[in-house]
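Visitor: All chains, full assembly: derive it from the sequences and hints.
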Amino acid sequence: MENNKKKQEYWRWLEYHSVMPGKDWRNAEVLTAGVDVGSVGSKAVVMADGEIYSWSVMRTGSNSSDSAKKALGWAMENTGLTLKDFNYIVGTGYGRVNVPMANRAITEIACHAKGANYIWGPSVRTVLDVGGQDVKAIRCDANGKVVSFLMNDKCAAGTGRGMEVIADLLKIPIEEVGEVSLRVTEDPEPVSSTCVVFAKSEAVGLLRKGWPKEKVLASYIRAMAIRMSELIEKVGCEREFVITGGQAKNSGIVSRVENILGVKRLPVPNLEVTGRDPASAGAIGAALFAKALHEKSIRR
Amino acid sequence: MKKEKTEVISAGIDMGTQRIKVAILKDKQIIAQTQNFVGFEPTKAAEQTLKDALETAKLSREDIQHITATGASVNMAPFADSTISMMGADAKAGAYFFSSARTVIDVGAEDARAIKCDETGIMQDFVVNARCAAGAGTFIEAMARALEVDLEDMGTLSLKAERASQINASCVIFAESDVVSLIHREEPKSEIARAIFDAMAERVASMAHRLGINKDIILVGGVAKDVGFVASLNRRIGMDILIPKEPLFAGAVGAALIADKRAKRKR
Numbered sequence: 650m651e652n653n654k655k656k657q658e659y660w661r662w663l664e665y666h667s668v669m670p671g672k673d674w675r676n677a678e679v680l681t682a683g684v685d686v687g688s689v690g691s692k693a694v695v696m697a698d699g700e701i702y703s704w705s706v707m708r709t710g711s712n713s714s715d716s717a718k719k720a721l722g723w724a725m726e727n728t729g730l731t732l733k734d735f736n737y738i739v740g741t742g743y744g745r746v747n748v749p750m751a752n753r754a755i756t757e758i759a760c761h762a763k764g765a766n767y768i769w770g771p772s773v774r775t776v777l778d779v780g781g782q783d784v785k786a787i788r789c790d791a792n793g794k795v796v797s798f799l800m801n802d803k804c805a806a807g808t809g810r811g812m813e814v815i816a817d818l819l820k821i822p823i824e825e826v827g828e829v830s831l832r833v834t835e836d837p838e839p840v841s842s843t844c845v846v847f848a849k850s851e852a853v854g855l856l857r858k859g860w861p862k863e864k865v866l867a868s869y870i871r872a873m874a875i876r877m878s879e880l881i882e883k884v885g886c887e888r889e890f891v892i893t894g895g896q897a898k899n900s901g902i903v904s905r906v907e908n909i910l911g912v913k914r915l916p917v918p919n920l921e922v923t924g925r926d927p928a929s930a931g932a933i934g935a936a937l938f939a940k941a942l943h944e945k946s947i948r949r
Numbered sequence: 322m323k324k325e326k327t328e329v330i331s332a333g334i335d336m337g338t339q340r341i342k343v344a345i346l347k348d349k350q351i352i353a354q355t356q357n358f359v360g361f362e363p364t365k366a367a368e369q370t371l372k373d374a375l376e377t378a379k380l381s382r383e384d385i386q387h388i389t390a391t392g393a394s395v396n397m398a399p400f401a402d403s404t405i406s407m408m409g410a411d412a413k414a415g416a417y418f419f420s421s422a423r424t425v426i427d428v429g430a431e432d433a434r435a436i437k438c439d440e441t442g443i444m445q446d447f448v449v450n451a452r453c454a455a456g457a458g459t460f461i462e463a464m465a466r467a468l469e470v471d472l473e474d475m476g477t478l479s480l481k482a483e484r485a486s487q488i489n490a491s492c493v494i495f496a497e498s499d500v501v502s503l504i505h506r507e508e509p510k511s512e513i514a515r516a517i518f519d520a521m522a523e524r525v526a527s528m529a530h531r532l533g534i535n536k537d538i539i540l541v542g543g544v545a546k547d548v549g550f551v552a553s554l555n556r557r558i559g560m561d562i563l564i565p566k567e568p569l570f571a572g573a574v575g576a577a578l579i580a581d582k583r584a585k586r587k588r
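Here the protein sequences line up with chains C and H, keeping their order. Under my numbering, the first residue of the first sequence carries the number 650, and numbering increases by one thereafter. Under my numbering, the first residue of the second sequence carries the number 322, and numbering increases by one thereafter.
Hints in this document: simulated from the structure, not taken from any laboratory. Wrong hints could be hidden among the right ones.
[Stated by the list, open to error] To give an idea of the chain C side of the interface with chain H (calculated C-beta under 10 Å), a few residues:
#1 Y659
#2 E813
#3 T843
[Unchecked claim] Result set (SDA-like, lysine to any residue): computed pairs, CA atoms no more than 25 Å apart in a straight line:
#4 C/K862 <-> H/A463
#5 C/K803 <-> H/H505
#6 C/K803 <-> H/E512
#7 H/K365 <-> C/K803
#8 C/K803 <-> H/T364
#9 C/K803 <-> H/R484
#10 C/K803 <-> H/A451
#11 C/K803 <-> H/V395
#12 C/K858 <-> H/E497
#13 C/K803 <-> H/I558
#14 C/K858 <-> H/T364
#15 C/K719 <-> H/E508
#16 C/K820 <-> H/A465
#17 C/K883 <-> H/R452
#18 C/K803 <-> H/L532
#19 C/K719 <-> H/E497
#20 C/K803 <-> H/K379
[Stated by the list, open to error] Sample of chain H residues at the chain C side, in silico, Cβ under 8 Å:
#21 A463
#22 R466
#23 C492
#24 S498
All C-beta atoms, glycine included, are put in the ideal place defined by N, C-alpha and C.
Guide: As structure tokens, this is what we get:
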């Protein structure tokens with residue numbers, strides 16, 4: 650234990666959960682949940698009549714179904730909710746087929762578009778989702794329906810996992826990498842390696858050359874931003890543009906992508922007040938689909 | 322009649338991403354092979370490796386008539402008389418070791434190549450992967466670290482497995498996370514190791530297939546010494562693969578053969 654404490658894990662991001670103040674699920678007619686088991690993070694959102702009631706964001710463990718149970722359990726903590734109270738639950742994400750309590754699984758692409766539409770409204774047309782092990786550029790219509798999409802899920806370059814690796818190498822907490830990378834007065838050349846393994850060696854070389862950490866970080870994040878921007882441009886960047894997934898919090902990525910594309914993303918709503926978290930967009934979308942599916946089943 | 326001195330002494334230096342290799346040939350016969358890690362000062366390491374080879378061959382610098390350099394950091398060996406592409410050197414070496422060589426596959430620390438050549442060792446076509454670590458030796462190194470197994474033991478360990486674990490093998494970084502989960506689930510390390518070699522073999526084979534595989538297939542580069550990788554590649558390609566005794570030195574030997582030719586041309 651002693652030893653574990655000494656070795657700081659810089660990639661380790663903070664988990665969180667909360668319940669919307671002043672709301673009681675007992676007054677709701679329809680209770681649904683969305684559980685997004687990502688490769689790195691598991692997110693659960695509980696909705697009462699299509700409005701966010703509670704949520705949780707935590708790290709995915711080695712077992713998808715355990716992670717799903719834990720995430721939903723954490724979102725239900727101290728609310729008095731039990732699984733029996735839900736009318737419908739939808740699983741999504743990388744581990745969506747392993748969400749044991751889900752009535753149905755829906756792809757994370759559909760869920761992210763739906764979730765972004767809920768978080769920011771019907772003007773959203775382009776969604777960049779930066780997940781743990783993939784990056785997606787999604788185009789959607791005013792109803793949050795997917796029009797087209799492109800994704801990279803074969804390679805860590807430009808993903809959250811790649812960012813974690815570099816944060817660990819530079820010994821900068823993952824929550825701070827964005828800010829630290831913006832301390833440079835001018836962006837350096839991006840790292841030339843696409844592969845994170847090679848980029849890591851390149852970063853070590855730059856440090857040895859005497860580059861300060863923030864400059865090395867800026868060089869890496871710049872390369873990430875270029876990669877993401879290319880993906881968005883391929884799918885076509887139409888306004889309004891938003892960023893979802895864990896890296897939506899990374900100011901270093903956000904500001905560089907905005908600069909390259911020449912488009913500002915819509916600002917992130919206040920989580921405490923609205924419960925609308927870009928990191929939970931997939932789970933929000935899943936909970937909305939759950940409501941629609943429940944209503945459809947009643948009508949039948 | 323007095324016999325005129327016609328022997329040619331040539332050297333090849335292969336400036337790899339991880340190791341520097343030197344081969345000295347006397348009339349095309351290998352008389353010395355030495356290698357060192359690149360380290361932080363590639364040029365110094367290159368000079369040292371050449372010095373080591375000269376010592377082994379009991380020769381002095383002046384005895385070498387021509388030095389040809391190759392490899393990823395070929396420009397870090399300024400003392401070389403000429404350079405040759407890595408593909409050209411591999412083709413030459415492949416045909417030198419096995420005259421039947423038509424496809425040479427070279428898997429190094431950070432890249433992999435497949436080269437088509439003719440019976441004289443002239444390169445005709447090639448395919449390269451140098452952008453992704455999942456198809457090169459670095460993959461095995463990273464996974465050995467994740468498995469807490471010595472790199473040298475990875476191959477024999479993998480041979481003990483009868484099946485392979487399921488891993489995301491498209492990317493070294495993703496595979497690392499998968500390996501951690503698999504260890505937590507107490508999957509046998511041998512099966513994880515086999516999954517890694519299978520994945521690498523898959524990448525290398527598909528690269529070679531893009532080029533078109535002609536018999537005989539020669540495997541060179543540092544990774545050719547790994548029995549686990551060779552077994553996986555054999556299974557994947559389904560043809561016999563020939564490996565020279567010292568596959569690590571193929572690039573250096575190929576460069577030295579080019580140097581031999583160039584030394585003769587100068588006379």
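Visitor: List, from low to high, the hint numbers that the structure doesn't satisfy.
Guide: Violated hints (numbers, rising): 1, 7, 8, 11, 12, 20 and 22; every other hint is consistent with the structure.
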